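Asker: Each chain is listed here by its residues.
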Amino acid sequence: MTTHPTPALISRYASGGAVVDDTTIWAVEAHLETCAACRAVLADAVDPGTQNLLDRVADGIASGIAAGPAPVRRHRLRRTGVAARVLPWLVTATGLMLAAALFEWTFDSLPSLVLLVAPVAPLLPVAAVWSRRVDPAWELTATMPRTGLPLLMRRTLGVLSAVMPVLAVAGWVTGHSPGLWLLPVLGFTAGTLALGTVVGVDRAALALALTWCAGVVAPSLADGRLPAILTGNSLPGWALTTVALTAVVLMQARRRPHLLNTTSSQGRMERS
Amino acid sequence: MMRTVSVAETAPSTYPWAVHTEKLQVRAGRHLAVNELDLRLGTGVHGLLGPNGAGKTTLMRALATVLKPAGGRLTLLGGEVTGNADLRQVRRGLGYLPQHFGFYPRFTVREFVEYIAWLKEMPKAAIPGAVQRAVERVGLTDRADSRMKTLSGGMLRRAGIAQAIVNDPAVLLLDEPTVGLDPEQRLDFRELLREIGLDSCILVSTHLVEDVAVACSDVVLISEGRLVWQGTTGQLTEQGGAGDAGDSATERGYSSLLRAYRGRVSA
Ligand SMILES: [Zn+2]
Numbered sequence: 001m002t003t004h005p006t007p008a009l010i011s012r013y014a015s016g017g018a019v020v021d022d023t024t025i026w027a028v029e030a031h032l033e034t035c036a037a038c039r040a041v042l043a044d045a046v047d048p049g050t051q052n053l054l055d056r057v058a059d060g061i062a063s064g065i066a067a068g069p070a071p072v073r074r075h076r077l078r079r080t081g082v083a084a085r086v087l088p089w090l091v092t093a094t095g096l097m098l099a100a101a102l103f104e105w106t107f108d109s110l111p112s113l114v115l116l117v118a119p120v121a122p123l124l125p126v127a128a129v130w131s132r133r134v135d136p137a138w139e140l141t142a143t144m145p146r147t148g149l150p151l152l153m154r155r156t157l158g159v160l161s162a163v164m165p166v167l168a169v170a171g172w173v174t175g176h177s178p179g180l181w182l183l184p185v186l187g188f189t190a191g192t193l194a195l196g197t198v199v200g201v202d203r204a205a206l207a208l209a210l211t212w213c214a215g216v217v218a219p220s221l222a223d224g225r226l227p228a229i230l231t232g233n234s235l236p237g238w239a240l241t242t243v244a245l246t247a248v249v250l251m252q253a254r255r256r257p258h259l260l261n262t263t264s265s266q267g268r269m270e271r272s
Numbered sequence: 001m002m003r004t005v006s007v008a009e010t011a012p013s014t015y016p017w018a019v020h021t022e023k024l025q026v027r028a029g030r031h032l033a034v035n036e037l038d039l040r041l042g043t044g045v046h047g048l049l050g051p052n053g054a055g056k057t058t059l060m061r062a063l064a065t066v067l068k069p070a071g072g073r074l075t076l077l078g079g080e081v082t083g084n085a086d087l088r089q090v091r092r093g094l095g096y097l098p099q100h101f102g103f104y105p106r107f108t109v110r111e112f113v114e115y116i117a118w119l120k121e122m123p124k125a126a127i128p129g130a131v132q133r134a135v136e137r138v139g140l141t142d143r144a145d146s147r148m149k150t151l152s153g154g155m156l157r158r159a160g161i162a163q164a165i166v167n168d169p170a171v172l173l174l175d176e177p178t179v180g181l182d183p184e185q186r187l188d189f190r191e192l193l194r195e196i197g198l199d200s201c202i203l204v205s206t207h208l209v210e211d212v213a214v215a216c217s218d219v220v221l222i223s224e225g226r227l228v229w230q231g232t233t234g235q236l237t238e239q240g241g242a243g244d245a246g247d248s249a250t251e252r253g254y255s256s257l258l259r260a261y262r263g264r265v266s267a
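For the record, the sequence lines run as chains A and B. Taking my numbering, the leading residue of the first sequence gets 1, the next gets one more, and so forth. Taking my numbering, the leading residue of the second sequence gets 1, the next gets one more, and so forth.
It is possible that some hints are incorrect.
[To be verified] Here are a few chain B residues that face chain A, going by a calculated C-beta distance under 7 Å:
(1) E22
(2) A64
(3) T65
(4) V66
(5) R88
(6) R91
(7) R92
(8) Y96
(9) P98
(10) G102
(11) F103
(12) R106
(13) M122
Just so you know, these hints were derived from the structure itself, not from any lab. These numbers were taken from a predicted model, which means no experiment stands behind them. Just so you know, even glycine gets a beta-carbon here, dropped at the ideal spot from N, CA and C.
Next comes chain A alone, as it looks inside the complex:
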């Protein structure tokens, strides 16, 4: 409605007399809802008693708002929720990397501990973000629709973004080229997720970490030499492996979404 009702009509509407028919009342009402100028006219048109009542109500509401509880602040708890549970594992991974850096810095005759440990450093926290063992509310979170690859990716990226700075510091202190630790880390993380779609992420992380320690870390320490797969020549190989494994994860998640549910590992539970 573009034309405003006359002040006379508004005052008749305000007084509530029977002189105005229903159709007109509705039209005036609809207009008042959208027009501040006419609402001001209406406020002047009502009798002093009503005016007084309205003032008191407005005061009451204003003082209620002022005295009442403040609006609840919004939290960024999606991140903190998981982070709080995984914190001990992140601290462990950080401690491990810093110890490796310190060791390497002190005894420079040994093969680089930083490069040897880095690939498996994020695996513990990655396993933890997806393990029901560290989730006190797992029986509840196992029934949630939000699960599968998007949630797993989100949490894995969270872990990587927490572990990467530590690795960067450790790598910088010991003077390694960033690619030498970065690519193996990404390769192992992708490998954990890929294997995780088959056997569960926590078991995959454990298996890969043990295999790496037994197959690469122990022999290198015994030999006193860094293996060829941790030298600059194997970087393209790591990059290709990472891309291939990431593709496997995406394909698996598309084809069989239930595989990534924390639920799908059958519960071994006592009690009826």
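Position chain B with the ligand against the provided structure of chain A, taking the given hints into account.
Answerer: This is chain B with the ligand only, laid out in the frame that chain A set:
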């Protein structure tokens, strides 16, 4: 409090039963705790009764999609849960309070319920209002911003109920919800159940026959993983005679049905 009703809510359901099991089998360890169970539940408050070890919690876990069925068919809200089905759609319509309600001690009640609402894939804009409403409905408004580790057992149970109802679930599964509640809170809780049960399917597992008598419209009685009896609460009270064990008509009905079932099985 007024709430906008979405199109999806007013649309007629396309399934006859909210919960439908046919010869359902569920394992607890190696043991078949639910064995060839046939069950159909519609709208209303259903009490799940049975002696210890009857398979109540295993059944609740299977209905909540925590445990995969080992055999038979399970259909929730018209969606098949058996096999490798994508459970997301079904899970959005579920609410579940586990018997052992694990929580994050450093979360406040509001944060916890919000986190669960987010995991339930509720629209972002709807979450704060829905959380406030759920917390109000269980009577925890004044403790909404307390950390969960500071709550008493009864308050934790109510926080657990709040997270279960935050998405207005079409199927609400409550495993021993009244443990730790004082008599007055029990009354409030029954009132809440009746209200929610008007348009949802609620299954309440309990070992307290009296809870069922006052809070539930229907009763499901299971033993050794099988359905023993299903009927209204009124019908249950008519089952017992003066010679049956129990302090009330409901308890006498319960013991009479169990005795008759055991007689049939051993015969
Ligand atoms: Zn106007």
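Asker: Go through the numbered hints given earlier and state which of them the structure violates, listing their numbers in rising order.
Answerer: 1, 13
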